[in-house]
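Chains as they are written, first to last, in the numbering used here: chain S, 1 to 145; chain B, 1 to 175.
For the record, the hints were derived by calculation from the structure and aren't laboratory data.
Virtual Cβ for every residue (Gly too), placed ideally from N, Cα, C.
Where hints are given, some of them may not hold.
What the hints assert, rightly or not - With a cut-off of at most 20 angstroms between alpha-carbon atoms, the simulated DMTMM-like pairs for lysine to aspartate or glutamate come out as follows:
hint, chain 1, residue 1, chain 2, residue 2
1, B, Lys78, S, Glu66
2, B, Lys47, B, Glu154
3, S, Lys102, B, Glu127
4, B, Lys172, S, Glu66
5, B, Lys78, B, Glu127
6, S, Lys2, B, Asp72
What the hints assert, rightly or not - According to the in silico footprint, chain S covers these stretches of chain B (three or more CB under 8 angstroms from chain S):
hint, region
7, 5-12
8, 136-148
9, 165-171
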Amino acid sequence: MKGMTIIVKKTTQLIAGMIFMYGIYVIIHGHLTPGGGFAGGVIVAGSLILVTLAYGGNFLNLIKEEAGTTIVESLATMMVIMIATAGFIFGTHVFFNNFLPKGIVGQLISAGVLPLYNIFIGTEVAASIFIIFLSLIIFKEESPQ
Amino acid sequence: MELAISIITGLMIIGALYAIHAKDLLSSVIACGIVGYSLVICFLLLKAPDLAIVQIVVDTITLIIMVAVVLDSSREEKYSRLDTWGYVSAATGVLLIGILLWVFINSIQTLDVLGKSTLRMAGSYIEGAAQRTGSANLVTGVVFDFRGYDTMGEAVVLVTAVLGVLTILRLKGKK
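Go ahead and model the full structure; you've got the sequences and the hints to work with.
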């Protein structure tokens, strides 16, 4: 897949990092302001898709990226289930138990395990959408014309 | 507010009808965008910013992927003349519209006003939820604490969708 013109490339250099940081912000502040893991994850995936569309990339690199993203997605899903199981082990024996101290409502580090769920769900959603986009490119390039 | 929502809903219906009947597939995709972004404005008017953020981001990414697909395949829609089954389908559609309209007119009289319904579950969720979950954003508190199984199911559904895409769309076998 070949990239776009130099104007698009320079604009992408300026903007993609800011979009990525905004996605991280939406994920981390998910328990304080509107947003959360799902919305932030899609924003992060959007910045990655922007870079891929603007710069292109050769076939082998894209396949390597897809393999790495698959591992990240599976690990994030496993971490969500492991945190839920940790709630079963500590404290009262309830699945999805909020076993960490709650803290003060409204502070950044509060709400027990909810920020951890937000972070891992965000990673998983970003990886999933990026995999779907990458696989659409890869399968088109390796198909016989 | 109800007037504004009515106008925007009418715009959404016009956009959806145009998306079906447009000859150029690219303008059909853009008309699908009208439906999505009007829904965002509806969510904002109904005071649901969480849903609005998710909708606007997912709609943008879907539009990008659809535009890429349309530019890659063909921009012209292939028309075909209506045959017997086409007329049967059209008649069934008109009949279904009539039945659904009749049910809607009968059932709308027993419903509450939009946004003013008294839901028992929502009341017990809202009451003291910030203290019980420790989260200032009530939506996150409900999604990850009260309804944790639901969220885990959504995450697993995404993983299954990725597995389906990787399995079905692959044309050449993996060595």
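Verdict on chain S covering the region 136-148 of chain B, criterion of 3 CB contacts below 8 angstroms: Satisfied; 9 residues make the cut.
Report holds or violated for chain S covering the region 5-12 of chain B, Cβ cut-off 8 angstroms, minimum 3 residues. Three-residue rule not met by the region 5-12 of chain B, so violated; n is 0.
Next pair to validate is Lys78(B) with Glu66(S); report whether the Cα-Cα distance is within 20 angstroms. violated, 35 angstroms
Just to make sure I understand the rule, a stretch counts as covered if three or more of its residues have a C-beta closer than 8 angstroms to a C-beta of the chain. Does the region 165-171 of chain B meet that for chain S? holds (count 5)
Keeping to a limit of 20 angstroms between CA atoms, is the pair of Lys102(S) and Glu127(B) held or broken? It holds: about 17 angstroms lies between the C-alpha atoms, which stays within 20 angstroms.
Does the alpha-carbon distance linking Lys2(S) and Asp72(B) stay inside the 20 angstroms limit? holds, 14 angstroms
Holds or violated: Lys172(B) with Glu66(S), Cα cutoff 20 angstroms? Judged against 20 angstroms, a Cα distance of about 16 angstroms means the pair holds.
Taking only the CA atoms, is the gap from Lys78(B) to Glu127(B) under or equal to 20 angstroms? The hint is violated at about 56 angstroms.
Are the Cα positions of Lys47(B) and Glu154(B) separated by 20 angstroms at most? violated, 24 angstroms
In summary, the numbered hints that this structure violates are 1, 2, 5, 7.
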